[in-house]
Amino acid sequence: MAIDLSDDILQDFLVEAGEILEELGEQLIQLEASPNDSELLNAIFRGFHTIKGGAGFINITPLVELCHRAEDVFNALRQGDKNVTSSLMDVILKVHDVLNTMFDEIKQGIEPDDAEKELLESLERLMDDEAEASAVEAVDTTASTPDVTEQPGIENDAPVAGESASSSTEKSNNDDITDDEFEALLDQLHGKSDEKDEVRSEPKQPSSENFASKSNNEEMDEDDFEKLLDNLHGNASPGSAEISAGSSKGDNAEKVSEVNAPDASPTIKAVEKVKPKSVKKPEEKSAKNPAKQVAQQTAETTVRVDTSRLDDIMNLVGELVLVRNRLATLEASTTDEEMSVAVSNLDLVTSDLQSAVMKTRMQPIKKVFGRFPRVVRDLSRSLNKEIALEMMGEDTDLDKNLVEALSDPLVHLVRNSIDHGIEMPDDREKAGKPRCGTVTLSAVQEGDHILLRIEDDGAGMDAKLLQGIAVKKGVLDKEAAGRLTPRESYNLIFMPGFSTKEEISDISGRGVGMDVVKTRITQLNGSIIIDSERGKGSTIEIKVPLTLAIMPTLMVMINKQIFALPLGSVVEIFHLDLSHTKVVDGQEVVIIRDKAMPIFHLREWLIGPGSQAENESGEGHVVVVSAAGKYIGFIVDKLLGQEEVVIKPLGALLHGTKGLAGATITGNGKISLILDVPGLMSSYASRI
Amino acid sequence: MAKTRVLVVDDSSFLRKRIVEILEADHHLEVVGTASNGLEGVKQVEKLSPDVVTMDIEMPVMDGISAVKKIMETSNTPILMFSSLTTKGAAATFEALEAGALDYLPKTLSDISSDTELAKRKLCARVRMLGSRGKIDSKVNVASSFEAVEVQSTVTSIPFNIRDYKLLVIGTSTGGPAALQKVLPLIDADFPLPIVIVQHMPSSFTQQFSERMDGVSKLSIREGKNGESLRPGQVLVAPGGCQLLIDKGGLYPGIRIKPAKKDDIYKPCVDVTLKSIASDFCPSVLTIILTGMGSDGCEGAKRIHKLGARIWAQDKDSSVIYGMPMAVANEGIVDRVLPLNDIANILNKGQ
Chain A
1 MAIDLSDDIL
11 QDFLVEAGEI
21 LEELGEQLIQ
31 LEASPNDSEL
41 LNAIFRGFHT
51 IKGGAGFINI
61 TPLVELCHRA
71 EDVFNALRQG
81 DKNVTSSLMD
91 VILKVHDVLN
101 TMFDEIKQGI
111 EPDDAEKELL
121 ESLERLMDDE
131 AEASAVEAVD
141 TTASTPDVTE
151 QPGIENDAPV
161 AGESASSSTE
171 KSNNDDITDD
181 EFEALLDQLH
191 GKSDEKDEVR
201 SEPKQPSSEN
211 FASKSNNEEM
221 DEDDFEKLLD
231 NLHGNASPGS
241 AEISAGSSKG
251 DNAEKVSEVN
261 APDASPTIKA
271 VEKVKPKSVK
281 KPEEKSAKNP
291 AKQVAQQTAE
301 TTVRVDTSRL
311 DDIMNLVGEL
321 VLVRNRLATL
331 EASTTDEEMS
341 VAVSNLDLVT
351 SDLQSAVMKT
361 RMQPIKKVFG
371 RFPRVVRDLS
381 RSLNKEIALE
391 MMGEDTDLDK
401 NLVEALSDPL
411 VHLVRNSIDH
421 GIEMPDDREK
431 AGKPRCGTVT
441 LSAVQEGDHI
451 LLRIEDDGAG
461 MDAKLLQGIA
471 VKKGVLDKEA
481 AGRLTPRESY
491 NLIFMPGFST
501 KEEISDISGR
511 GVGMDVVKTR
521 ITQLNGSIII
531 DSERGKGSTI
541 EIKVPLTLAI
551 MPTLMVMINK
561 QIFALPLGSV
571 VEIFHLDLSH
581 TKVVDGQEVV
591 IIRDKAMPIF
601 HLREWLIGPG
611 SQAENESGEG
621 HVVVVSAAGK
631 YIGFIVDKLL
641 GQEEVVIKPL
651 GALLHGTKGL
661 AGATITGNGK
671 ISLILDVPGL
681 MSSYASRI
Chain B
1 MAKTRVLVVD
11 DSSFLRKRIV
21 EILEADHHLE
31 VVGTASNGLE
41 GVKQVEKLSP
51 DVVTMDIEMP
61 VMDGISAVKK
71 IMETSNTPIL
81 MFSSLTTKGA
91 AATFEALEAG
101 ALDYLPKTLS
111 DISSDTELAK
121 RKLCARVRML
131 GSRGKIDSKV
141 NVASSFEAVE
151 VQSTVTSIPF
161 NIRDYKLLVI
171 GTSTGGPAAL
181 QKVLPLIDAD
191 FPLPIVIVQH
201 MPSSFTQQFS
211 ERMDGVSKLS
221 IREGKNGESL
231 RPGQVLVAPG
241 GCQLLIDKGG
251 LYPGIRIKPA
261 KKDDIYKPCV
271 DVTLKSIASD
281 FCPSVLTIIL
291 TGMGSDGCEG
301 AKRIHKLGAR
311 IWAQDKDSSV
321 IYGMPMAVAN
331 EGIVDRVLPL
341 NDIANILNKG
351 Q
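Protein sequence lines correspond, in order, to chains A and B. To convert, note that position 596 of the first sequence is 596 in our numbering; the numbers rise steadily by one, no gaps. To convert, note that position 12 of the second sequence is 12 in our numbering; the numbers rise steadily by one, no gaps.
No wet-lab data here; the hints were simulated from the structure. Please note that a few of the clues may not be correct.
Label pairs and their computed distance ranges (CB to CB) [claimed, not checked]:
no.	chain 1	residue 1	chain 2	residue 2	range
1	A	ALA33	B	PRO339	55 to 65 Å
2	B	SER220	A	SER86	24 to 34 Å
3	B	LYS262	A	MET392	18 to 28 Å
4	B	PRO232	A	GLN79	32 to 42 Å
Not close to chain B: a few residues of chain A, all C-beta gaps over 10 Å, as computed [stated by the list, open to error]:
no.	residue
5	ASN36
6	ASN42
7	ARG46
8	THR50
9	LEU383
10	GLU455
11	GLY468
12	LYS473
13	THR519
14	LYS582
15	ILE591
16	GLN642
Distance condition first, Cα-Cα at most 30 Å in a straight line; then the derived DSS-like pairs of lysine-lysine [what the hints assert, rightly or not]:
no.	chain 1	residue 1	chain 2	residue 2
17	B	LYS182	B	LYS122
18	A	LYS433	A	LYS536
19	A	LYS82	B	LYS248
20	A	LYS638	A	LYS560
21	B	LYS267	B	LYS302
22	A	LYS630	A	LYS560
23	A	LYS107	B	LYS182
24	A	LYS648	A	LYS630
25	B	LYS182	A	LYS117
The C-beta atom is built at its ideal place from N, Cα and C for all residues, glycine as well.
So here's chain A without its partners, still in its complex pose:
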């Protein structure tokens, strides 16, 4: 039966069956730990049964066949006719993998083939009696097979054979180490220098094992949406805004007489127009049969909304925020009581609207976390390590885009922890640790961002060793390396120069280096830091803002031009007598609390080298930002205050300009460029 992706019914099936498949993944891993849990067995049985039912409805026979046999196995299990064995689990996990692959094919519009005969036969054999044990060994459990075996060798700058996925083999640049070298390197760091170790490239995880599924539809609670609209139409009670209700009452010292308010009315109208579209079901359905629609609404309380529509709404809310900022600025300079009150109300409502719209795009991070039990299980089996995975905060919500974007980097980081961090059980025992290593994944919301943490109780990292490599690679010179704190040393692994410079556009899980992970995170306006204690373990902390579209910033002025710095990166601000700077290693620094902190004149980067400071007073403001765990100071002419802005893309001409994340319109109605701190650093200060 040909796959017609435009068929709503098919999409419907993919959504439901996709969720069930995800759940099955988790449940199967749980089952290994509690093989006699009859609730679990029943649930898994029903999972296969339901997918089979749906697949039968739309006539995708390969799915039906496979699920049917799996269902039979679990029926026998749940009735107590059979017991769970690890070889049975292997077969069933393989079935799960194959189902995922079939799903991916369907999502791409390809009709899946029948499952391999061997797999089907293995399943049948499971239903016969003890023949299963031997027969099942023949099944190829591919997910955990290492691809490549490599001899670690830092000395070896030559391209490494066999690492086919990584184009590092093409690099002749001796400053870069290849992925293998890097992996080997990490092994060395974790004290495995004598062992011949296996370097593996990321086995292909079903790449669109996509929890925020690729079918572009979002379920939104109709009640929430109604409330949303009620609020829009003035039924709002001035509620408390939960998230990022950053005060935008501009602390704007400048009084601007020139009024340059963008036209407010079209944006409001546009928001209103959105209402009927989004509440109605997709056009085809409602055209066909209004009666159906009524029935569905009594039956279901969700509405399917295209994510692009939610993006539109988000955009419009963004515009609204800008207008509100403008009004707030104007309000500050008015004495009109009524105007003040009205603007206050607008402020509250806008904040509420912003939160509400953001929430429509939120998904629990459980969708990402769901992959991990399987990843950990497969890795621990293939490496012969004992690993326990703990997950906390799975219900923490974040923006759908973030969920998708974080998925692969997180997997990579967890694999890293297990691969390089957790020691072999015997080594752990010798070190007085429990044989079973623990990896803890946690997510918690902190104000306007999410904090993700990956902790392992493994061997920790060796700062000295890392410093040595940095020097060797020419990333730092010896003294600079020597002055690094241990924490700064650990974070060296994220630096470009430590691994390949390739920009990976599509993270499919192959050859992803740590710096690519970092790039990914910073692209999300997030930050990643690693800390470690030798012998005890390592912790990776990732912070990502709750939303990509709206961001609190610090407005600064440099040479009469306004720039915005992401407030999340700003640590402190102080006033500086510019004659008090020193130069260390050719880098201008300032001594703060007995530590030297590098400072940069943003003017030179942004306006032009050699441009004269407008302000000849010899004094300036230093904005201290944190980047990669280090603190650096930016010298600016004036501080304008905090403002919550909507990030607008730069447009085709300016796109890709280094150091800029976008642009926005300030409360004054002027255009401000938004700075991207990591981008600035890598473009202009690559020595750091």
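Add chain B to chain A, keeping to what the hints say.
Just chain B, lined up with the frame of chain A:
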């Protein structure tokens, strides 16, 4: 005329939506609610009092069979089960029928009919039929002891002696399993006639059905095999998906099982069986047409009636669907119209 109000119970939201879509497309039907597990289903029945409930079997929290039992405690709402055409599906379906569900259909459309549109129409038709039936007490009461009941028939009966006959053929469709459960287990072990059951049922079900019946009956009940001979004390059930013909045989009649042709409407078909016994066995044939949709058996009954065979039909009140019995009754060829509960008794009495 008011629309038939339907409640759809299924744990798969995908299938729920699809079933609702199909049913809503029929303007005689109105889906008044859905439920995603048995417990919700029970609550919805209480709340909405639908005319018909479609019920899935495998569900979390409370499965379909338990839900049927619970619903039957408070109301006799007609319930249509959606069955997987497998052995376990069959067992579960029969349990549901025993618990009080009225009818069942395959869960997969393609098993209802290879033509999707036809399958959808059949589903809607079935739901409508069950809904308009009204609430009847269909709970099977196998263990009930019952006394001899005065025979009430709507047709003046010609004197009847069971010893005059050599063969009993029972034809049935919708509501058959439950009805047969009120007849077969109650027939005495020394019943003199071999019995052939022709019931519209999927092939994966007839085996299970036969085994179940055998377990609670004094007679030996089996799915018929090609070439088997028909002896007293035996009940042979026509296998689903096949046609059963009866040949004169030697000492005893023999049965012939043929796989049904693709376009056969009924597999097995009562008419086919009855027509096969016309020449060789009449007039010594007694045929009972029990509850069922349609009119299968009518043509065959007419033919054997002409040759002197005797036809009985189940009455309207006790029939789940008064279709097949009505067809023969309307032809004027029915000798007795009987309430279900009387049939075994009369057969045992032999008169």
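For each hint, the structure was consulted:
no.: 1; hint: A/ALA33 to B/PRO339: 55 to 65 Å; in the structure: holds (58 Å)
no.: 2; hint: B/SER220 to A/SER86: 24 to 34 Å; in the structure: violated (46 Å)
no.: 3; hint: B/LYS262 to A/MET392: 18 to 28 Å; in the structure: violated (59 Å)
no.: 4; hint: B/PRO232 to A/GLN79: 32 to 42 Å; in the structure: holds (38 Å)
no.: 5; hint: ASN36; in the structure: holds (19 Å)
no.: 6; hint: ASN42; in the structure: violated (7 Å)
no.: 7; hint: ARG46; in the structure: violated (6 Å)
no.: 8; hint: THR50; in the structure: violated (4 Å)
no.: 9; hint: LEU383; in the structure: holds (36 Å)
no.: 10; hint: GLU455; in the structure: holds (35 Å)
no.: 11; hint: GLY468; in the structure: holds (58 Å)
no.: 12; hint: LYS473; in the structure: holds (54 Å)
no.: 13; hint: THR519; in the structure: holds (39 Å)
no.: 14; hint: LYS582; in the structure: holds (67 Å)
no.: 15; hint: ILE591; in the structure: holds (64 Å)
no.: 16; hint: GLN642; in the structure: holds (46 Å)
no.: 17; hint: B/LYS182 to B/LYS122; in the structure: holds (27 Å)
no.: 18; hint: A/LYS433 to A/LYS536; in the structure: holds (9 Å)
no.: 19; hint: A/LYS82 to B/LYS248; in the structure: violated (48 Å)
no.: 20; hint: A/LYS638 to A/LYS560; in the structure: holds (9 Å)
no.: 21; hint: B/LYS267 to B/LYS302; in the structure: holds (20 Å)
no.: 22; hint: A/LYS630 to A/LYS560; in the structure: holds (29 Å)
no.: 23; hint: A/LYS107 to B/LYS182; in the structure: violated (51 Å)
no.: 24; hint: A/LYS648 to A/LYS630; in the structure: holds (28 Å)
no.: 25; hint: B/LYS182 to A/LYS117; in the structure: violated (46 Å)
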